[in-house]
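These protein sequence lines are chains W and V, in that order. Going by this note's numbering, the first sequence opens with residue 1, and the numbers climb by one from there. Going by this note's numbering, the second sequence opens with residue 227, and the numbers climb by one from there.
Be a bit skeptical, because a hint or two may be false.
[Unchecked claim] Here are the simulated EDC-like cross-link-like pairs (lysine to aspartate or glutamate), alpha carbons at most 20 Å apart as the crow flies: (1) V:Lys-290 with W:Asp-188; (2) V:Lys-290 with V:Asp-267; (3) V:Lys-290 with W:Asp-114; (4) V:Lys-292 with W:Asp-153; (5) V:Lys-237 with V:Asp-254.
These aren't lab readings, by the way, just hints derived from the structure by calculation. It should be emphasised that the depicted structure is a prediction, and the values quoted were computed from it without experimental measurement.
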Amino acid sequence: MGLTPSERLRRKIWLVSGPFGEACQRVFMHPRLAELWPEYMITQHTIIRSTVPIMRAGRDAARARGNADPVAAGVAEYFDVHMMEETDHDEWLLEDLEVLGIPRSTALSRVPSDTVAALVGSQYYWLFHYHPVALLGYFAFMEGFPPKRELIDDLIERTGFPDAAFRTFELHGELDPGHQKELDRTIDELPLTPEQEKALGMSALNTAVLVTRSLQEVAGALPAGS
Amino acid sequence: MDSDQEAQILKLGKAINDPAFREAIQSDLDQTLQRHGVDKDRIPPDVLAVLTTLSADELAVLAKVKGALMRAGVSEHARAEWV
Chain W
1 MGLTPSERLR RKIWLVSGPF GEACQRVFMH PRLAELWPEY MITQHTIIRS TVPIMRAGRD
61 AARARGNADP VAAGVAEYFD VHMMEETDHD EWLLEDLEVL GIPRSTALSR VPSDTVAALV
121 GSQYYWLFHY HPVALLGYFA FMEGFPPKRE LIDDLIERTG FPDAAFRTFE LHGELDPGHQ
181 KELDRTIDEL PLTPEQEKAL GMSALNTAVL VTRSLQEVAG ALPAGS
Chain V
227 MDSDQEAQIL KLGKAINDPA FREAIQSDLD QTLQRHGVDK DRIPPDVLAV LTTLSADELA
287 VLAKVKGALM RAGVSEHARA EWV
C-alpha cells in the first residue's frame with residue numbers, strides 16, 4: 001500500500017532531522033547553557049509571536065479562494081481551529097523570561113534576525129502568492145519535534161532555573177504530539193494536487209534549513225570556552 | 227556505517243548540488259546514480275526511498291541542509307536524542 005501525503009511529508013522531514021537535532025544539541029548541551037538559554041528564548045519568541053498572525057493570514061487567504069477550492073476550504077477550517085490553540089503562547093514565553101528577571105521589553109525590542117525573517121517571511125510569500133496550503137509544511141516541521149520530559153528536566157537541572165521558566169517549553173512538549181496528529185489527518189484529507197504536495201515539502205524543508213540555521217546562530221552567540 | 231557507504235552517501239550529497247542531477251534523478255534514478263558514480267546498493271534503503279519522493283525543487287532545498295543525507299544514512303543513533 002502506498003504512503004499517504006502526510007507520511008511522505010514526514011519522511012522528507014526525517015531526512016533533515018539529523019542536522020536539526022545536532023543544532024538543538026549545540027544549544028541544549030552548550031557549556032554555558034544558563035547564559036545562553038535566555039538568548040534561545042528571545043529568539044524563539046521572535047518566531048512564536050508570528051504563529052497566530054500567520055495562521056490568521058493563512059486562514060484568510062484560504063477563505064478568499066472561495067468554496068471552489070476544496071484544499072483552501074480545508075486549510076481555512078484547520079487554521080480557524082488551531083489559531084485558537086496557539087493563542088498566547090508568545091505571552092507565556094515573555095512570562096517565562098520574566099521569571100528569569102528578563103523584562104519583556106528586552107525581547108520585544110530585539111530586532112529579529114534575518115534568518116527568522118526569512119523563515120517566517122517565506123511562508124507569507126507562499127501563502128499569499130502561491131497557495132496557503134504551503135503553510136501546513138511549516139507547521140508540520142515546527143510541531144514535529146516536541147521536547148521530551150527528560151530534556152526539560154535536564155535543562156532545569158543544568159541551568160538551575162526554576163520550573164516556571166520552562167512553562168512554554170513544557171506545554172509544547174505536551175501539546176505538539178496531538179497537534180501533529182491532527183495536522184497529519186488534515187493533510188491526508190485534503191485533495192492535494194502533486195504541485196501542492198510539492199509545496200508542502202518545500203515549505204517543510206525550507207523551514208528545516210532556516211530553523212537549523214537559527215539554532216546555530218543562537219549557539220554561536222556565546223563562545224563555548226570563555 | 228562503513229567508510230565505503232559513507233563515501234557513497236557523500237557522493238550522493240555532492241551530486242544533489244548539481245541541478246542537472248536533480249532533474250535527471252526524477253526520470254531515471256538508477257542511471258543517474260550510476261552516471262554520478264554512486265553505488266545505489268550502498269545507499270541506505272530509507273534514504274533512497276525518500277529521495278524518490280522528492281521533486282527537483284525539494285532536492286534543491288535539501289541540498290542546503292548540509293549533512294542531511296549523511297545523518298539520515300547513519301540512522302537513529304546519530305540523530306539527537308533531544309528532539
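Now for the hints, and whether the structure bears them out:
no. : hint                     : in the structure
1   : V:Lys-290 with W:Asp-188 : violated (28 Å)
2   : V:Lys-290 with V:Asp-267 : violated (25 Å)
3   : V:Lys-290 with W:Asp-114 : holds (17 Å)
4   : V:Lys-292 with W:Asp-153 : violated (30 Å)
5   : V:Lys-237 with V:Asp-254 : holds (17 Å)
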